[in-house]
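A.B. asks: Numbering-wise, the sequence shown is residues 1 to 271 according to this note's numbering.
Since the hints were derived computationally from the structure, they do not count as laboratory data.
Among the clues, some could well be false.
Calculated cross-link-like contacts (lysine to any residue; reagent style SDA-like; alpha-carbon spacing at most 20 Å) [said to hold, decoys possible]:
#, residue 1, residue 2
1, K3, S186
2, K7, H38
3, K3, H28
4, K7, P226
5, K7, G27
6, K7, L187
7, K7, D67
8, K7, Q25
9, K7, E32
10, K3, V35
11, K7, L33
12, K7, S48
13, K7, S166
14, K7, R185
15, K3, L24
16, K209, P226
17, K7, A230
18, K7, D39
19, K209, L267
20, K7, D42
21, K7, E49
22, K3, D30
23, K7, G189
Keep in mind that this is a model prediction, so the values were computed, not measured.
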Amino acid sequence: MSKPTLKLGISPCPNDTYIFHHLLQYGHGDFELDVEFHDIDDLNRLCSEDYFDVAKVSCALLADVSDRYGLLRSGGALGRGCGPLLVANESRTLQAGDCVLSPGSRTTAQLLLQRYAQVPVTVRSVLFSEIIPQLRQGQGDLGLLIHESRFTYRDYGLCLVEDLGSWWESLTGVPIPLGGLVARRSLPGAIVRSLQQAVVESVRQAHRKPQETIGFCARYAQEMAPDVMAQHIALYVNDYSLDIGTEGKKALSFLLYGDHEAPAVYLWEYS
Numbered sequence: 001m002s003k004p005t006l007k008l009g010i011s012p013c014p015n016d017t018y019i020f021h022h023l024l025q026y027g028h029g030d031f032e033l034d035v036e037f038h039d040i041d042d043l044n045r046l047c048s049e050d051y052f053d054v055a056k057v058s059c060a061l062l063a064d065v066s067d068r069y070g071l072l073r074s075g076g077a078l079g080r081g082c083g084p085l086l087v088a089n090e091s092r093t094l095q096a097g098d099c100v101l102s103p104g105s106r107t108t109a110q111l112l113l114q115r116y117a118q119v120p121v122t123v124r125s126v127l128f129s130e131i132i133p134q135l136r137q138g139q140g141d142l143g144l145l146i147h148e149s150r151f152t153y154r155d156y157g158l159c160l161v162e163d164l165g166s167w168w169e170s171l172t173g174v175p176i177p178l179g180g181l182v183a184r185r186s187l188p189g190a191i192v193r194s195l196q197q198a199v200v201e202s203v204r205q206a207h208r209k210p211q212e213t214i215g216f217c218a219r220y221a222q223e224m225a226p227d228v229m230a231q232h233i234a235l236y237v238n239d240y241s242l243d244i245g246t247e248g249k250k251a252l253s254f255l256l257y258g259d260h261e262a263p264a265v266y267l268w269e270y271s
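Start from the sequences and build out the full structure, keeping to the hints where you can.
C.D. replies: Structure below.
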């Protein structure tokens, strides 16, 4: 019997390529992967359109797609000290009428901004890598940074207005759920469970063979300095990438439902 082929969508960011390197390079006995690389905003959009079988998406998107996709316990991006940063060209606060450059309307970053803002603001979505250039050109008042931009914004003379990750942690007491790996609820349970465990093993293999894995990551992050890439991986690939655990479930339930103890119906295992 031929193996099923799963259409997989992930980003070219180092945390995703680090997690999936071994699985993409060496394959798996139970399934094939047909991978596409997209920016997080496009991943969210395409998943909303039922394009992928499996995809890395913003946790905020689960509210819209959890009837069709369920979250896997492995492969996600959750943690502490890793949230989006609100920055500006000068020291200031968020003010009514400000234009904020955002990495996407469906991202967890924008959901956090909406909850943080106490005044009405205008939000404009741009490619995450264009936020700093456009902010410096005066095309927005503030920028909402994700991914590697959090490590480099000071190099461009930008000032931190608010660390939304720290704000979230002080408000909720739980880690920030940024992104997660989802699978179609219609997929066979045996395949999804096999995939979930394969992702765990892929992360463990990456830890065992870091030089090989980082070389793979560098092919998709050619403009990123090696030290920035290393910081990126260290921050976003952690124990929660192996299993979201109890804390991760509490974080997701609070993000989606405002209640730490709300049933985790967004998980694939509830299919």
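A.B. asks: Are the hints correct? Go through all of them and say.
C.D. replies: Hint check results:
With a C-alpha separation of about 17 Å, the suggested pairing of K3 with S186 holds against the 20 Å cut-off. Taken as a hint, the K7 and H38 pair is honoured in the structure, with Cα atoms around 13 Å apart against an allowance of 20 Å. For the suggested pair K3 and H28, the alpha carbons sit about 10 Å apart, so the restraint of at most 20 Å is met. Taken as a hint, the K7 and P226 pair is broken in the structure, with Cα atoms around 30 Å apart against an allowance of 20 Å.
Distance hint between K7 and G27 is fulfilled; the C-alpha atoms sit about 14 Å from each other, no more than 20 Å. Note on K7 and L187: the hinted pairing holds, with a Cα-Cα distance of about 12 Å set against a maximum of 20 Å. A C-alpha spacing of about 19 Å is found between K7 and D67, which places the hinted pair at or below 20 Å, so the restraint holds. The hinted pair formed by K7 and Q25 meets the criterion: a straight-line CA distance of about 16 Å does not exceed 20 Å.
Of the pairs offered as hints, the one joining K7 and E32 holds, with about 9 Å between alpha carbons and a cut-off of 20 Å not exceeded. A distance of roughly 16 Å separates the Cα atoms of K3 and V35; the hinted pair therefore holds under the 20 Å criterion. For the given pair, K7 sits about 6 Å from L33 by alpha-carbon distance, which is consistent with the 20 Å threshold. At most 20 Å may separate the alpha-carbon atoms for a hinted pair to count; K7 and S48 meet this at roughly 14 Å.
For the suggested pair K7 and S166, the alpha carbons sit about 35 Å apart, so the restraint of at most 20 Å is broken. The suggested pairing of K7 with R185 holds, with an alpha-carbon distance near 14 Å, which does not exceed 20 Å. At roughly 15 Å between alpha-carbon atoms, K3 and L24 fall within 20 Å of each other, so this suggested pair holds. Between K209 and P226, the direct Cα distance comes to roughly 17 Å. Compliance with the 20 Å bound is thereby established for this hinted pair.
For the hint pairing K7 with A230, the CA-to-CA distance comes to about 28 Å; that exceeds 20 Å, so the pair is violated. As the CA atoms of K7 and D39 are separated by approximately 16 Å, the hinted pair is consistent with the 20 Å bound. Restraint check for K209 and L267: not satisfied, since their Cα atoms lie roughly 30 Å apart, outside the 20 Å limit. The straight-line distance between the Cα atoms of K7 and D42 is roughly 15 Å, inside the 20 Å bound, and the hint therefore holds.
Distance restraint check for K7 and E49: the Cα-Cα separation of roughly 13 Å lies within the 20 Å cut-off, and the hinted pair is therefore satisfied. Taken as a hint, the K3 and D30 pair is honoured in the structure, with Cα atoms around 6 Å apart against an allowance of 20 Å. Straight-line distance between C-alpha atoms of K7 and G189 comes to about 16 Å, which keeps the hinted pair within the 20 Å bound.
Violated hints for the displayed structure, listed by number in ascending order: 4, 13, 17, 19.
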